[in-house]
Amino acid sequence: MTQSLYDQMIHSNTGLGQMMLRDVLLPSILGTEADGILYWAGKDIARQFPVDSDDKLISLFHQLSLGTLSLIKKNSKQQVWELAGDEIIDRSKLSHATFNFEAGLIAQQIEFQTNMVTEASVEVEKKKIIQITVYHDSSNQVTDETPINFIQLSE
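For the sequence shown, my numbering assigns the number 26 to the initial residue and increments by one for each residue that follows.
Hint data in this document are derived by calculation from the structure and do not stem from the laboratory.
Take these hints with a grain of salt, some might be off.
EDC-like cross-link-like pairs, simulated, lysine to aspartate or glutamate; straight-line CA separation at most 20 Å [said to hold, decoys possible]:
(1) LYS98 / GLU148
(2) LYS152 / GLU107
(3) LYS99 / ASP77
(4) LYS118 / ASP79
(5) LYS98 / GLU150
(6) LYS98 / ASP79
Ranges between beta-carbon positions, derived for each pair [said to hold, decoys possible]:
(7) TYR160 / SER90: 24 to 30 Å
(8) ASP111 / ASP77: 26 to 32 Å
(9) HIS36 / LYS98: 33 to 39 Å
Cβ atoms here follow ideal geometry from the backbone N, Cα and C, with glycine treated the same way.
Input sequences plus hints: build the corresponding full structure.
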């Protein structure tokens with residue numbers, strides 16, 4: 026770790042520990058496959074903590090310290106979400122930060138809620154706001170008949 030990276034992370038609102046794990050250790054271990062693996066890791070976390078509404082998804086992001094999530098646009102084929110807050114500002118300053126984990130987490134949660142096969146991508150990365158677009162196709166229904174046991178969030 027370089028001095029400038031350490032200084033940037035120690036003075037962040039996110040915290041040295043979380044940023045070190047997320048933006049130093051995981052990319053180091055995962056290498057060139059980091060983006061894809063983190064996307065699927067986000068989907069896996071969503072399977073472990075499924076929520077049944079957009080409001081609960083927003084609360085879950087807050088509770089996981091992933092940033093402030095907002096639904097910007099929603100129609101029958103896509104949803105546009107924005108992720109902002111101190112966590113995003115801090116991580117966006119890092120040259121190698123990605124937000125594929127968050128995209129995977131949102132995609133799987135929306136798939137649970139819509140019962141349609143869903144994918145998401147990080148469309149726009151600004152210094153203070155990350156935009157994640159979720160795509161779903163009403164003709165491509167999820168065929169898994171395993172019931173989803175949505176969690177109840179503490180407020």
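_If you test the structure against every hint from before, which numbers come out violated?_
Hint check: 4 fails alone, others pass.
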